[in-house]
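> This is what each chain is made of:
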Amino acid sequence: MKMLPEIIKNLFRKKATRNYPAVKRVPFPNVRGELVNDISQCIFCKICETKCPANCIEIDKDKRTWTYDPMECVYCGICSESCPKKCLSHKPEYRPPMTKRQVITLRGKPLPPKPAPEEKKSDTDTSS
Amino acid sequence: MVSTVIPFGPQHPVLPEPVHFKLKIEDEKVVDAIPAVGFVHRGLECLVAKKDFVQMTQVVERVCGICSAMHGMCYCMGIEEMMGIEIPKKAAFLRTVWTELHRIHSHLLWFGLYADAFGFESLFMQFWKIREKIMDINEATAGSRVIISVNVIGGVKRDISPEHRQWILSTLDEVEEALRDLEKVVYEDYTIRKRTVGIGVLSKEKAYELGASGPMARGSGIDIDARSLGYAAFPDLDWEPIVEYGGDCFARAKVRFREMLQSIGLVRQAFQKMPRDEEIAVKVTGRPEGEVITRVEQPRGECLYYLKGNGSKNLDRCRIRTPSFANFPPIMSMLIGCRLADVPVIILSMDPCISCTER
Ligand code: SF4
Ligand code: SF4
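Note that the protein sequences, when read in sequence, are chains A and B. Here the first sequence is numbered in my numbering, starting from 16 and rising by one per residue. Here the second sequence is numbered in my numbering, starting from 11 and rising by one per residue.
Calculated from the structure, these hints are not laboratory results. Backbone N, C-alpha and C fix where the C-beta goes; we use that ideal spot for every residue, glycine too. It is possible that part of the hints are untrue.
In silico DSS-like links for lysine-lysine, alpha-carbon gap of 30 Å or less [claimed, not checked]:
hint	chain 1	residue 1	chain 2	residue 2
1	A	K100	B	K318
2	B	K194	B	K60
3	A	K30	B	K143
4	A	K101	B	K167
Which chain A residues face chain B? A few, computed with CB under 8 Å, are given here [to be verified]:
hint	residue
5	K17
6	E21
7	I22
8	A31
9	P42
10	F43
11	N45
12	V51
13	I54
14	K61
15	P68
16	V89
17	Y90
18	C91
19	G92
20	I93
Excised from the complex, chain A in its bound form (with noise of 0.2 Å):
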């Protein structure tokens, strides 16, 4: 009984919920959302990976790969945290329910010919 006005009160009140599917609530301005790397920035020094406490960076710098596993992250935001090139951000928004594992693999330019491994070999191949 004494929960009465209460329920009065809320007819008169703006509604709590939202009409799902067709009115989406949009998340506040700097959420931890989905995570997005600019490949093109990316140094490939894997900082991400050894300091994401989810395992789920993996990144080969011969083949220039960025691969994440958004099914594993737990979006802590370390990564983009101490990514020192910037290139790691969180959009913020969720990211969209998916029906399949999916496993995304950025795959950075190949390097320029630097004449500096060149050195280095030469300077192996004169040593060797």
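Dock chain B with the ligands against chain A, hints included.
Frame of chain A, contents of chain B with the ligands only:
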């Protein structure tokens, strides 16, 4: 008399998490209750061998969703003590703000489930509607609704901007107003009183003897609150543990209700007294070595962390004793002698957090 054994759980409408009780019934009375836990064991303590001590912060936050900020804080406090780090004053205040917000939303969640346990659906929805406001604060300030991941070793990761501060204070005003509207329902409603007053009585002596913690102990008249140890910013705030003397389900609900209002006050105080400086974290170098025990007050009671470091990047041991674990012996004693229909309410009055207990 013939006795029957009735299984309660692991799946039961009132239980948010799986726990199993074998209830031995004679007629309507419960004469014995045997708990069985272990349905959601995830082996998180074991992960210390694999994750380094910085990554463990994220692991311990996932011990429990509802009090993740407290778990993170307790762990970080332990490592800071081991490494002799003093965190900036502002970080201590920010930790206090987030943990108190967690306490409010945890108690609101509990009230919803509690109302649901005796079939008061409209009250359940009302509490969860209020809770949504706190979740919005978490999302806007920390970037995530439940597991907010703001604690790092040496301080906190994010600051609360002055605009957010204003908005939080006005939202808390709304929450307080909404709670005041429901105060009468919780305290005076006929159905609620009928289902909770004098049900599941735990006397002060029994509570002390069986090691009850948190609202279970405070509802029985024991003045015990780990916040009075003076961690984070609590020494600078003006507050007192909330104690009720009934010892029944009603007293425990009352403790929680008053705690929510108190936490709102604590957040306001923390914002008032928060230093204006910019520094929110100190840089951490080195590796932890030694042994520490840290304790914090979680919504459900006192949580204890035992950490042992050996000077390498992995800890030797991270042992967590959660409040629900301490509250199991009292609940067993309360169940014996009660009526079968009261079992869900009694079990819920402890605010069981099973994922915490089993880690
Ligand atoms: S930390 Fe940043 S720059 Fe380094 S590998 Fe990861 S994404 Fe690339
Ligand atoms: S957000 Fe956290 S879990 Fe996800 S990839 Fe980054 S560090 Fe790993």
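> Honestly, which of those hints from before does the structure not fit?
As far as the earlier hints go, 1, 2, 12, 13, 14 are violated by this structure, in ascending order.
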